[in-house]
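**Student:** Heads up: the sequence lines are chains A and B, in that order.
Residues in the first sequence are numbered from 1 upward in steps of one, following my numbering.
Residues in the second sequence are numbered from 220 upward in steps of one, following my numbering.
Each hint should be verified, as a subset may be incorrect.
Claimed, not checked - Anything over 10 Å on all C-beta distances counts as not near chain A; from chain B, calculated:
id, residue
1, 302
2, 303
3, 307
4, 309
5, 312
6, 315
7, 324
8, 326
9, 327
10, 381
11, 403
As the list claims (entries may be wrong) - One side of the interface only, derived from the structure: several residues of chain B facing chain A at Cβ under 10 Å:
id, residue
12, 236
13, 251
14, 276
15, 316
16, 333
Simulated from the structure, these hints should not be mistaken for laboratory data.
For each residue, glycine too, the CB sits at the ideal point set by N, CA and C.
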Amino acid sequence: MVRVAIALWVLAALFCLTSLVFYWDYFTSRGRNAGALLKTEAEIDREIGELEALLDRLDAVDFEFQERENQALNQRIAQRVFSWSSLFDRVAEVLPNTVSLVRIAPKVKVLEASLDSGPRSQPGSTIVELGISGKARNDEALLQLIDRLFEHPSFTRPNLSSEKRLKGRELGFSMTVTFLPEVEAYPREAKAGDGSGPASVTEGSAGADRSDQLDGEQT
Amino acid sequence: MIRRTNVWRDRVWLWLLPLSLVLFGGAALVLHQTSFSGRARLGSAFLESRSNELKQLRRHRLDVMESLAQIESNQRNVAEFYASRLATESSRLTAVIAEVKDLARRAGLEPKSISYPSQAVADFDLSIRYMVFSVTGSYSQLRRLINFLELSDMFLVLNEISLGGHGNGKDLRISLRLSTVFSSKQLEAGLADRMQVEG
Numbered sequence: 001m002v003r004v005a006i007a008l009w010v011l012a013a014l015f016c017l018t019s020l021v022f023y024w025d026y027f028t029s030r031g032r033n034a035g036a037l038l039k040t041e042a043e044i045d046r047e048i049g050e051l052e053a054l055l056d057r058l059d060a061v062d063f064e065f066q067e068r069e070n071q072a073l074n075q076r077i078a079q080r081v082f083s084w085s086s087l088f089d090r091v092a093e094v095l096p097n098t099v100s101l102v103r104i105a106p107k108v109k110v111l112e113a114s115l116d117s118g119p120r121s122q123p124g125s126t127i128v129e130l131g132i133s134g135k136a137r138n139d140e141a142l143l144q145l146i147d148r149l150f151e152h153p154s155f156t157r158p159n160l161s162s163e164k165r166l167k168g169r170e171l172g173f174s175m176t177v178t179f180l181p182e183v184e185a186y187p188r189e190a191k192a193g194d195g196s197g198p199a200s201v202t203e204g205s206a207g208a209d210r211s212d213q214l215d216g217e218q219t
Numbered sequence: 220m221i222r223r224t225n226v227w228r229d230r231v232w233l234w235l236l237p238l239s240l241v242l243f244g245g246a247a248l249v250l251h252q253t254s255f256s257g258r259a260r261l262g263s264a265f266l267e268s269r270s271n272e273l274k275q276l277r278r279h280r281l282d283v284m285e286s287l288a289q290i291e292s293n294q295r296n297v298a299e300f301y302a303s304r305l306a307t308e309s310s311r312l313t314a315v316i317a318e319v320k321d322l323a324r325r326a327g328l329e330p331k332s333i334s335y336p337s338q339a340v341a342d343f344d345l346s347i348r349y350m351v352f353s354v355t356g357s358y359s360q361l362r363r364l365i366n367f368l369e370l371s372d373m374f375l376v377l378n379e380i381s382l383g384g385h386g387n388g389k390d391l392r393i394s395l396r397l398s399t400v401f402s403s404k405q406l407e408a409g410l411a412d413r414m415q416v417e418g
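Bound-form chain A, shown alone:
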């Protein structure tokens, strides 16, 4: 009987202690959780309040206008930093001796991310639509210019828009071509062995009439 009683007392002590620990843990953690929950709820309310105030400020911003304004200013800046010196150097690399230019009108564009920018230019980079008018001594000279524009890494999409026979075999022409100012020019070695040699922009200019196309497209 004594053994049974001892076993019962031990079991009772064990059960009561375990219950006591469990319930102690439950009630203390409940108190802790309730406190933490209250604090969290208060912080959520505060965050929501601050967030709503910030979102109101964000709603007040005219993104469309800002985007257009930024694009317009970026275009202006791109026009300002566009290097004519670099353009002249590159044009001199492709211009045959038998062709002279009478008008160059660049239209500087900053590529947007959504535009199809092509393999040689990235969104955000500058491309220049060049309007060119000039005179070629003969048909072969004009075709040579177009071939060179196709080959040169700084130029792409040459588009001959018109040509007109002048005196004898001489041709007047106008074309557009896309100039990529950020693309490196020919390596120096590549130019060295080229027998036909690029001309200076001025070579052949003498005798050319002044273009009357002053109202160019750039605004």
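Fit chain B to the known structure of chain A by using the hints.
**Tutor:** Frame of chain A; chain B shown alone:
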């Protein structure tokens, strides 16, 4: 046998009390496991979900704050750009004209006549002022002028160049179309306000 039964009966407290405590403790444990522990888990889970919600709200708030900071920085840059580069005609026009003439003279070119057409950019209260003129000179003089224009502090844009032969066969007749952009007074006042508020 009778004696043993009597012992259990005589000392009831010795076994009945611990037995009761065992039953009570067991019942309490069962109750804890079936009800209280579930409630505690639910409470913890709820607290955790609210904490996560709070974290998300904080992240969202920080994102919005970052966006606003970027917008404000952008607005500040735009305002500074307008103020420093695109000031009004009244404050900059004469300086721009004098600069262009000076650069042409330094390059050895003398414009005989200059026309100044202008064009409004209605959307942004800006106006573009063109300077169109022709000069006679050599290619190297033209390159020098271009170089001077590129180095100028004024917001000058060279829009177009036309080249033609001159009577003497040596020089070129060079037609240039330059432009600069001015902001309107109204815009400038608005930008000053904007900078003041943000400052």
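**Student:** Next step is simple, just say for each hint if it's right about the structure.
**Tutor:** Outcome of the hint check:
Every CB of chain A is more than 10 Å from the CB of residue 302 (chain B) (nearest about 13 Å), matching its label as outside the interface. For residue 303 (chain B), the non-interface assignment is confirmed: its Cβ lies about 12 Å from the closest Cβ of chain A, beyond the 10 Å cut-off. Look at residue 307 (chain B): its CB is around 16 Å from the nearest CB on chain A, clear of 10 Å, so calling it non-interface holds up. Every C-beta of chain A lies more than 10 Å from that of residue 309 (chain B), the closest at about 20 Å, which supports listing it as non-interface.
Consistency note on residue 312 (chain B): stated as away from chain A, and its beta-carbon is indeed over 10 Å from all of that chain's, at 17 Å minimum. For residue 315 (chain B), the requirement that its beta carbon stay farther than 10 Å from each beta carbon of chain A is met, with the minimum near 13 Å. Listed as outside the interface, residue 324 (chain B) is consistent with that label: its C-beta sits roughly 19 Å from the nearest C-beta of chain A, beyond the 10 Å cut-off. Residue placement check: residue 326 (chain B) keeps its beta carbon more than 10 Å from all beta carbons of chain A (closest about 13 Å).
With 10 Å as the threshold on Cβ separation, the claim that residue 327 (chain B) sits away from chain A holds: the shortest Cβ distance comes to roughly 15 Å. Residue 381 (chain B), annotated as away from the interface, has a beta carbon of chain A within 10 Å; the closest lies near 4 Å. With a least beta-carbon separation of about 14 Å from chain A, residue 403 (chain B) lies farther than 10 Å from that chain, consistent with its non-interface assignment. The restraint placing residue 236 (chain B) at the interface with chain A holds, with a minimum CB-CB distance near 8 Å, inside the 10 Å limit.
With its C-beta approaching chain A no nearer than about 5 Å, residue 251 (chain B) sits inside the 10 Å limit, and its interface hint holds. Satisfaction of the interface hint for residue 276 (chain B) is found here, the shortest Cβ-Cβ separation to chain A being roughly 4 Å, below the 10 Å cut-off. The beta carbon of residue 316 (chain B) comes no nearer than 18 Å to any beta carbon in chain A, farther than 10 Å, and the hint placing it at the interface is violated. Because the beta carbon of residue 333 (chain B) sits about 13 Å from the nearest beta carbon in chain A, more than 10 Å, this interface hint is broken.
Violation of the numbered hints given earlier is confined to hints 10, 15, 16; the remaining hints are satisfied by the structure.
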